[in-house]
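> Please arrange chain B on chain A, whose structure you already have, making use of the hints.
In order, the protein sequence lines correspond to chains A and B. The first sequence: position 54 = 54 (the working numbering), numbered continuously. Count along the second sequence from 1, then add 1000; that gives the number in the working numbering.
Everything labelled a hint here was simulated from the structure, so no lab data went into it. It cannot be assumed that every hint is accurate.
Claimed, not checked - Partial pick of chain A residues on the chain B-facing surface, computed with a CB cut under 7 angstroms:
#, residue
1, Phe46
2, Gly91
3, Phe98
4, Gln105
5, Pro108
All C-beta atoms in this analysis are idealised placements derived from N, C-alpha and C, irrespective of residue type, glycine included.
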Amino acid sequence: EDQVTQSPEALRLQEGESSSLNCSYTVSGLRGLFWYRQDPGKGPEFLFTLYSAGEEKEKERLKATLTKKESFLHITAPKPEDSATYLCAVGNTDKLIFGTGTRLQVFP
Amino acid sequence: NAGVTQTPKFQVLKTGQSMTLQCAQDMNHEYMSWYRQDPGMGLRLIHYSVGAGITDQGEVPNGYNVSRSTTEDFPLRLLSAAPSQTSVYFCASSRTTPPYEQYFGPGTRLTVT
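If we strip away everything but chain A, and leave its shape as in the complex, we get (with noise of 0.2 angstroms):
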């Protein structure tokens, strides 16, 4: 069975204090990582794809990376406006399968 899972649920940084957030999955094809940002009362907002293992992105201050079994969302010296709810999903076939997501705060 297809399945994304996301660890930790949730997170707490100082701001600056850099992490990571981690999307491990099994799918039967996989066609595409996607990494969304989610902020309270909205709908998510698409950040990164990422297609084979090896593969990485960046925008400001996150950068995905992908491995054939799991995917890493870094993020160097957060900002308060960083926090919001990280989503993972994978491509397969004809739909996306979502991954729970991590709640990251980040605190001044």
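Frame of chain A, contents of chain B only:
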């Protein structure tokens, strides 16, 4: 571009009532989908459409109907609302069938009493 729009933003229904959640996109996207989001469950796919006139079931389709008569619109109908359908509903669209990234609407928060 307005992107993906959803109406209403909030709705309260009584058990047994029916209603339609509206979703529209102005990006000429072929693929549209409906998800529900519940605490601890993540986003779960209800129904999706790969183009006008074509729909299919997702993970949790029971109690919901969809149709896709135009490229732009993809309404979700609740036939007879139940408390278990209390959730936040998101519509999303993408240029074509995944693996292309999906763009989400702002959501509809539905409460069934």
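> Name the hints, by number, that the structure is in violation of.
The structure breaks hints 4, 5; every other hint is satisfied.
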